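**Q** As they're listed, the protein sequences go chains A and B. Per the working numbering, the first sequence runs over residues 1 to 359. Per the working numbering, the second sequence runs over residues 1 to 359.
Certain hints may be false.
It does not matter which identical chain is used: a pair holds within one copy or between any two.
Claimed, not checked - Straight-line distance between alpha carbons at most 20 Å, and here's what the computed EDC-like set of lysine to aspartate or glutamate pairs gives:
#, residue 1, residue 2
1, 68, 265
2, 270, 48
3, 68, 145
4, 240, 250
5, 73, 267
6, 107, 236
7, 357, 145
8, 121, 248
9, 63, 214
10, 327, 62
11, 253, 105
12, 327, 142
13, 240, 274
14, 357, 331
Simulated from the structure, these hints should not be mistaken for laboratory data. Keep in mind the model is a prediction, meaning the values are calculated, not measured.
The chain contents come next:
Number of protein chains: 2
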Amino acid sequence: MLTKIDQHLLQLINKVNSSLDVETVLNYAMETTEEALQAEASAIFEVDPNRGDLFFRLARGEKADRVKTMRLKMGEGVAGWVAQTGQAVIVPHAEADPRFNPNLDAKSGFHTRSLVSVPLKHQDRLLGVIQVLNKRPPLQFDQEDLELLTLMAQPIAVALANAQAYTQLALVSHQVIKTLSTTVELRDPYTAGHQRRVAQIAVAIAQELGLSQERQESLRIACTLHDIGKIVVPAEILSKPGQINPLEQELVKSHSRVGYEILKEIDFPKEIADIVLQHHERLDGSGYPNGLRGDEISLEARITAVADVMEAMMSHRPYRPGLGVDKALEEIKKERGVELDAAAVDACWLLFEKGFKLE
Amino acid sequence: MLTKIDQHLLQLINKVNSSLDVETVLNYAMETTEEALQAEASAIFEVDPNRGDLFFRLARGEKADRVKTMRLKMGEGVAGWVAQTGQAVIVPHAEADPRFNPNLDAKSGFHTRSLVSVPLKHQDRLLGVIQVLNKRPPLQFDQEDLELLTLMAQPIAVALANAQAYTQLALVSHQVIKTLSTTVELRDPYTAGHQRRVAQIAVAIAQELGLSQERQESLRIACTLHDIGKIVVPAEILSKPGQINPLEQELVKSHSRVGYEILKEIDFPKEIADIVLQHHERLDGSGYPNGLRGDEISLEARITAVADVMEAMMSHRPYRPGLGVDKALEEIKKERGVELDAAAVDACWLLFEKGFKLE
Chain A
1 MLTKIDQHLL QLINKVNSSL DVETVLNYAM ETTEEALQAE ASAIFEVDPN
51 RGDLFFRLAR GEKADRVKTM RLKMGEGVAG WVAQTGQAVI VPHAEADPRF
101 NPNLDAKSGF HTRSLVSVPL KHQDRLLGVI QVLNKRPPLQ FDQEDLELLT
151 LMAQPIAVAL ANAQAYTQLA LVSHQVIKTL STTVELRDPY TAGHQRRVAQ
201 IAVAIAQELG LSQERQESLR IACTLHDIGK IVVPAEILSK PGQINPLEQE
251 LVKSHSRVGY EILKEIDFPK EIADIVLQHH ERLDGSGYPN GLRGDEISLE
301 ARITAVADVM EAMMSHRPYR PGLGVDKALE EIKKERGVEL DAAAVDACWL
351 LFEKGFKLE
Chain B
1 MLTKIDQHLL QLINKVNSSL DVETVLNYAM ETTEEALQAE ASAIFEVDPN
51 RGDLFFRLAR GEKADRVKTM RLKMGEGVAG WVAQTGQAVI VPHAEADPRF
101 NPNLDAKSGF HTRSLVSVPL KHQDRLLGVI QVLNKRPPLQ FDQEDLELLT
151 LMAQPIAVAL ANAQAYTQLA LVSHQVIKTL STTVELRDPY TAGHQRRVAQ
201 IAVAIAQELG LSQERQESLR IACTLHDIGK IVVPAEILSK PGQINPLEQE
251 LVKSHSRVGY EILKEIDFPK EIADIVLQHH ERLDGSGYPN GLRGDEISLE
301 ARITAVADVM EAMMSHRPYR PGLGVDKALE EIKKERGVEL DAAAVDACWL
351 LFEKGFKLE
């Protein structure tokens, strides 16, 4: 009875091992599962714990794109029945089965002839339902298909559970970083949201310049926290509308190094603390704290400098109104290749020309 | 050739599915692997990317405890050879093999007769080496064992890679929470470290009271951030040594609700924001913001109240020296069953009697 299982299962595990990206993993896994069961389409339904219903985590096959936004209540359709009862099922003739709900087919244009459906469980918790549809004619789904799908559901459930746990933690981590960012800005209400907006501009520039996802993500975090060092600068100095004296200037300037010191205590990718340290360095050596020049400044820090200057000039300040996008773009162009990186300035121009808007 | 693989592999996947805790998963996985290969012991070596060597991620079998702190350089011993070359190997007679390093045996007292060792890879990245030792006599490890171990290494590599990614993210998340905590305390230097110390006392009380790991973890986070709402209170008021007027008092008291509002925007377990909201509620209804009584206050919030009062009295303040542990314990005893939860006060007494020290 287990004759063909070994190869299929091994192939599945191999594919699950090939990526940490859960979308890729699930797609590979279902591709392998379809092949193993000689089926034309497949779907993974995931339980939405907040709404108590099922949504399409993945749909493969003809018309798959059309069902992706549809949802099923518990007990609704075969997948809903499997989720509610926790039982696996073979449906050899969909239209003859009272559990079958023809609405999904009606809306998607897909024609379900037959299906096998099993619950996805991890540590006795129902994660969802996995479904394989339309055995290639003239074959029919049988008991062996059900057993095979039940086995293949296991590594898929592990992948899904891990992905859920990781996604939840990543979400919380992201939110805590955001809270840290807004907390620091509370000391200087005039710049509320500045770091968030700099992050948006900088990441958009990085996209234009073709930086990898990983580098974009590090840049986003660095920009979201680039002024964190200002927590050591007294609030009176930060919010002073007029000129500040040289001593106060030195205190304000210390924020890039202080931010670096704070962030290097966190096991972020190393680049993040470096971006914060260098975000006030200037191409011509006129910046601080180290007066670095040109390539001595990391590309991400050069991008941050452009985004930082751009955002500051666009936005209102207590002592002057915002210059607006066009004027701000003119200003950064004046420093193109002088203080600011030429490619980053060009990318900034390009994206605002294409209609980039701050959220 | 694949005759026995299916069952073993299925069993392995089953066990990997049974827990999200990686220690448990790896231990189960190696238990199953030992059974499949009829071996007496096994080990997982993990690459330490910072030091560039291998450490024991897991050791099972006689004397296993003794090797757990030992490390291997790349190229050192059979595991080091496998890590360096990326090749799998059967060593039928350890003592006759030039790659075999007898030092581990000499230090541990374990006697290695034979072994099979394969690299653990995930997406072409070397994570470590998996090793199975001493085939039960009179059997000898053969090619089939090597193939079986190579297959079984795959789900183990996935589990390890996922665990690494999750652990790294959890570490960063924890550090960002800590940074948020210390950032808020910078506004009031007299209470630097207060939240961290309250978290230590509260978690120790929760341990005494037998709360689950999950509840302890939520409590730890809540205590680490319990005064975050003070960011809306002007620093001058926070650091005022003398009496503050009624209006200022109201402002200070707003911090539990403000903290609640901040934390409920983060997808933490719901309890965390509630603990912060209720940490100034008192058993007899004399607390704020809602004048809750007894069980209306969550157990975690009642624990936090004890830890908060205890820490505040132990520590120095600008306007008075710290009372010391004994005096602080006397003070919370006066409120036992009045303002403060009796069980939490008793547990606090017990743990300081047992020699609990703040780090």
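**Q** Determine for every hint whether it applies to the structure shown.
**A** Going through the hints against the structure:
no. : hint      : verdict
1   : 68 x 265  : neither (42 Å within a copy, 28 Å between copies)
2   : 270 x 48  : between (36 Å within a copy, 17 Å between copies)
3   : 68 x 145  : neither (25 Å within a copy, 44 Å between copies)
4   : 240 x 250 : within (15 Å within a copy, 28 Å between copies)
5   : 73 x 267  : neither (42 Å within a copy, 25 Å between copies)
6   : 107 x 236 : neither (61 Å within a copy, 63 Å between copies)
7   : 357 x 145 : neither (51 Å within a copy, 60 Å between copies)
8   : 121 x 248 : neither (60 Å within a copy, 54 Å between copies)
9   : 63 x 214  : neither (33 Å within a copy, 43 Å between copies)
10  : 327 x 62  : neither (50 Å within a copy, 74 Å between copies)
11  : 253 x 105 : neither (63 Å within a copy, 58 Å between copies)
12  : 327 x 142 : neither (70 Å within a copy, 75 Å between copies)
13  : 240 x 274 : neither (28 Å within a copy, 37 Å between copies)
14  : 357 x 331 : within (18 Å within a copy, 58 Å between copies)
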